[in-house]
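If you read the sequences in order, they're chains A and B. In our numbering, each residue carries its 1-based index in the first sequence increased by 124. In our numbering, each residue carries its 1-based index in the second sequence increased by 124.
I should point out that these hints are in silico values taken from the structure, not numbers from a laboratory. Here the structure is a predicted model, which is why all the values come from computation and not from measurement. A virtual CB, placed ideally from N, CA and C, is assigned to each residue, including glycine. Do not rely on the hints blindly, as some may be mistaken.
Okay, derived cross-link-like pairs now, DSS-like style, lysine-lysine, Cα gap no bigger than 27 Å in a straight line [to be verified]:
id: 1; chain 1: B; residue 1: 373; chain 2: B; residue 2: 463
id: 2; chain 1: A; residue 1: 500; chain 2: A; residue 2: 357
id: 3; chain 1: A; residue 1: 360; chain 2: A; residue 2: 373
id: 4; chain 1: A; residue 1: 414; chain 2: A; residue 2: 361
id: 5; chain 1: B; residue 1: 506; chain 2: A; residue 2: 507
id: 6; chain 1: B; residue 1: 430; chain 2: B; residue 2: 227
id: 7; chain 1: B; residue 1: 463; chain 2: A; residue 2: 463
id: 8; chain 1: B; residue 1: 463; chain 2: A; residue 2: 506
id: 9; chain 1: A; residue 1: 430; chain 2: A; residue 2: 227
id: 10; chain 1: A; residue 1: 227; chain 2: A; residue 2: 414
id: 11; chain 1: B; residue 1: 507; chain 2: A; residue 2: 463
id: 12; chain 1: A; residue 1: 200; chain 2: A; residue 2: 296
id: 13; chain 1: A; residue 1: 376; chain 2: A; residue 2: 500
id: 14; chain 1: B; residue 1: 357; chain 2: B; residue 2: 332
id: 15; chain 1: A; residue 1: 463; chain 2: B; residue 2: 506
Chain A regions said to be covered by chain B (calculated; three or more residues, Cβ under 8 Å) [as the list claims (entries may be wrong)]:
id: 16; stretch: 216-227
id: 17; stretch: 453-459
id: 18; stretch: 467-475
id: 19; stretch: 487-493
With the C-beta cut set under 8 Å, the calculated list includes, among others, these residues of chain B facing chain A [stated by the list, open to error]:
id: 20; residue: 457
id: 21; residue: 474
id: 22; residue: 484
Number of protein chains: 2
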Amino acid sequence: MSRLYSQCVRTVVRLGTARLAYTSVRIRQNRFCFKLLGSGVICQFSLFNFGGTKKLDLDSSDTWMAAPITDLEHLKEHRDDMKCQVEALIMRIQAEVCQALEKEELEEGGKKFQIDRWLREQGGGGITCVLQDGTVFEKAGVNVSVVTGILPPNAVQQMRARGKKMKGESLKFFAAGVSSVVHPRNPHVPTVHFNYRYFEVEDEDGEKQWWFGGGTDLTPYYLVEADVIHFHKTLKKACDQHGKQLYPKYKKWCDDYFSVAHRGERRGVGGIFFDDVDEPSQAKCFEFVKTCADSVVSSYVPLVQKHKKDGYSYAERQWQLLRRGRYVEFNLIYDRGTKFGLYTPGARYESILMSLPLIARWEYMHAPEPGSKEAKLTEVLKKPQDWV
Amino acid sequence: MSRLYSQCVRTVVRLGTARLAYTSVRIRQNRFCFKLLGSGVICQFSLFNFGGTKKLDLDSSDTWMAAPITDLEHLKEHRDDMKCQVEALIMRIQAEVCQALEKEELEEGGKKFQIDRWLREQGGGGITCVLQDGTVFEKAGVNVSVVTGILPPNAVQQMRARGKKMKGESLKFFAAGVSSVVHPRNPHVPTVHFNYRYFEVEDEDGEKQWWFGGGTDLTPYYLVEADVIHFHKTLKKACDQHGKQLYPKYKKWCDDYFSVAHRGERRGVGGIFFDDVDEPSQAKCFEFVKTCADSVVSSYVPLVQKHKKDGYSYAERQWQLLRRGRYVEFNLIYDRGTKFGLYTPGARYESILMSLPLIARWEYMHAPEPGSKEAKLTEVLKKPQDWV
Chain A
125 MSRLYSQCVR
135 TVVRLGTARL
145 AYTSVRIRQN
155 RFCFKLLGSG
165 VICQFSLFNF
175 GGTKKLDLDS
185 SDTWMAAPIT
195 DLEHLKEHRD
205 DMKCQVEALI
215 MRIQAEVCQA
225 LEKEELEEGG
235 KKFQIDRWLR
245 EQGGGGITCV
255 LQDGTVFEKA
265 GVNVSVVTGI
275 LPPNAVQQMR
285 ARGKKMKGES
295 LKFFAAGVSS
305 VVHPRNPHVP
315 TVHFNYRYFE
325 VEDEDGEKQW
335 WFGGGTDLTP
345 YYLVEADVIH
355 FHKTLKKACD
365 QHGKQLYPKY
375 KKWCDDYFSV
385 AHRGERRGVG
395 GIFFDDVDEP
405 SQAKCFEFVK
415 TCADSVVSSY
425 VPLVQKHKKD
435 GYSYAERQWQ
445 LLRRGRYVEF
455 NLIYDRGTKF
465 GLYTPGARYE
475 SILMSLPLIA
485 RWEYMHAPEP
495 GSKEAKLTEV
505 LKKPQDWV
Chain B
125 MSRLYSQCVR
135 TVVRLGTARL
145 AYTSVRIRQN
155 RFCFKLLGSG
165 VICQFSLFNF
175 GGTKKLDLDS
185 SDTWMAAPIT
195 DLEHLKEHRD
205 DMKCQVEALI
215 MRIQAEVCQA
225 LEKEELEEGG
235 KKFQIDRWLR
245 EQGGGGITCV
255 LQDGTVFEKA
265 GVNVSVVTGI
275 LPPNAVQQMR
285 ARGKKMKGES
295 LKFFAAGVSS
305 VVHPRNPHVP
315 TVHFNYRYFE
325 VEDEDGEKQW
335 WFGGGTDLTP
345 YYLVEADVIH
355 FHKTLKKACD
365 QHGKQLYPKY
375 KKWCDDYFSV
385 AHRGERRGVG
395 GIFFDDVDEP
405 SQAKCFEFVK
415 TCADSVVSSY
425 VPLVQKHKKD
435 GYSYAERQWQ
445 LLRRGRYVEF
455 NLIYDRGTKF
465 GLYTPGARYE
475 SILMSLPLIA
485 RWEYMHAPEP
495 GSKEAKLTEV
505 LKKPQDWV
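One chain only, chain A, in its complex shape (with noise of 0.2 Å):
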């Protein structure tokens, strides 16, 4: 009987995803499922657990980069909470942005990421993934926070000019996001950011408030119209499922987010961006960031695969380098993220600044000639378009 039990668990298993985990705890449920029901009924058991209703996010703890920061048996024995249901949700998607990435770049000989796990002495902690000075990518950085804490001031400050209604001034929170930026070498492959995250905050009369944020957006230094097109179709795509409002909506502000405001310029062609989301309730909330992070690797991985053996030269290169300096304003000049960060005591600034390239070009009174490629791209910026 014993060794019928392992086959099935081991069938159902093959069944599931490629690599899939199941807890000492799960297993023993199946168990106790195989006993009353016989080997008769593998096919529909396996069904059930994988067809009838959604695949979980930890059964994909066996490819995650590392161990999460709260430890996999909480994780699963507290499965219906969201601060839960959101680490296991960004442990995976970390996991195969990461792989997707690290395929292209292995397939042309290049590097694998560097994985760090770290502590917060404060609380919670994070694992990031770097690959730098790779073939195809410059530097690629892949970030999963769990962090729990005492909001410093200026947040506090930030989250009421927002509309947030909280008393006192000393408010716990805890906040987990997975955070991804990712710079090519070759100036034809865009770069991309994603970033999915919840908050939860409980102010001095106990009372929680919660909400998500998020968006992925892209950075091309060239524009090639089709590739801007396959990016926001795939976001819609994604939003539609959820809303048809919600893909306008997160696109304009997308658009507004990512202003360099002192030049008049936005960063890149845009995306989508949301934050504080809160409705119509938590399980819908996550639901639709599911679908939006599950989105990143359709709507970027393609143009990387269309691009990285694009022929370049030393112009294009500069132009790229330049560009580059831009986005290092708007990191560290208007992102609040960057700012939370580096604001939060016991910040670990390596896994901010993650999101900066490798290299970066600042000239005095640079502009492009006038019908150049180059100042083809920078009419978008200034003026930014709809592409579906």
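Following the hints, complete the assembly by docking chain B onto the known chain A.
Chain B alone, transformed into the frame defined by chain A:
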């Protein structure tokens, strides 16, 4: 008699600095004196003009990089107005620094400064001098700006936080300053920054406040103690002329201000920094600032001369670029002047951002080898020292 006049004038002019400019008004005054005294007192007369009283900054106007923002005639007619005195000072300092740097550059067959005179719609303007991609200087900017307008709200907030009492929300201001960052190509030549400025704010009730600010600080890539000592000694000598208490106070302020807080490092080895200086009198504050500004060339140019021909390795260049990344971090995240500039409506961002290096680099988790020259510098950046 008229031949005698002009001869006298030429002689007087030759007794001054290399290139003195006399206005028609002054020449007329001088001629009147000559008429009364005759040619026998020329020597005494010139002593009275150039020795007995302090040389006026205005006298150097024919050496300035461009026409001042305020009409030269106005500056001369209102030479007792502090706004005009400051403008003349910063024009002279800009010219002297540019000429001293250009001399070092041209000796190596390099480039000349590009000079841009710009006006601001909302009032005032500036003269931006940039030498980019030269032989000795990778990027050197020396900027003068003379700006009037209404203070942006966040600047008002910042000033109130610093203790300024100003009624109302719509505050007229005047700001004039010279600001410079010099990034040499050779990693053995330090980067220098200086900025000397004067501020006037008029509140709703018409009450005026004024203050001076400024400083000079050094950012070496490799620590040569003798160089740092020379730099600090020169600044101390300048400060000491105005009070023995000034150098220690402003040296500490500099160490505190140029802090890349998230890294727990100083930007460089310091120098002097001060703000809100309005005691004991406007005239004395001006004289102090003038002495400091006059010490820039002698504090820094000898270090350029000493090291500009030093050999350097690829690794040393990479280290310099990494340190330049830290420079960018400070300027874009923390520097009050950069923020004030970028948030001022109609700001000329190209002039503000001329402080950024031509190239900067960010490596994830870079740490110098223990015991290396790079580690030696880093230690000093983590723990500021006394140099004189």
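Quiz item: For the pair supplied as a hint, residue 360 (chain A) and residue 373 (chain A), is the alpha-carbon distance within the 27 Å limit?
Solution: holds, 11 Å
Quiz item: When the nearest CB of chain A is found for residue 457 (chain B), is that gap smaller than 8 Å?
Solution: Since the shortest Cβ distance to chain A is 5 Å, the answer is holds.
Quiz item: Does residue 332 (chain B) lie within 27 Å of residue 357 (chain B) when you go C-alpha to C-alpha?
Solution: violated, 36 Å
Quiz item: Does residue 474 (chain B) meet its interface restraint, that is, does its C-beta lie within less than 8 Å of any C-beta in chain A?
Solution: holds, 5 Å
Quiz item: Does residue 484 (chain B) pass the interface hint, meaning its C-beta sits closer than 8 Å to a C-beta of chain A?
Solution: holds, 5 Å
Quiz item: Within 27 Å, alpha carbon to alpha carbon, are residue 414 (chain A) and residue 361 (chain A)?
Solution: holds, 13 Å
Quiz prompt | Given hint residue 296 (chain A) paired with residue 200 (chain A) - CA-CA distance at most 27 Å | solution = Answer holds: residue 200 (chain A) to residue 296 (chain A) is near 24 Å, not above 27 Å.
Self-check item: Restraint status (C-alpha distance of residue 500 (chain A) to residue 357 (chain A) at most 27 Å)
Solution: holds, 22 Å
Quiz item: CA of residue 376 (chain A) to CA of residue 500 (chain A), is that 27 Å or under?
Solution: holds, 21 Å
Quiz item: When you check the alpha-carbon spacing of residue 463 (chain A) and residue 506 (chain B), does it fall within 27 Å?
Solution: Roughly 22 Å separates the two Cα atoms, so the pair holds.
Exercise. Count residues of the stretch 487-493 of chain A with a Cβ under 8 Å from any Cβ of chain B, then say if the count reaches three.
Key: holds (count 3)
Quiz item: the stretch 453-459 of chain A covered by chain B? Criterion: 3 or more residues, Cβ-Cβ distance below 8 Å.
Solution: It holds, with 3 qualifying residues against the three required.
Violated hints, listed in ascending order, are 5, 14, 16; each of the other numbered hints is respected by the structure.
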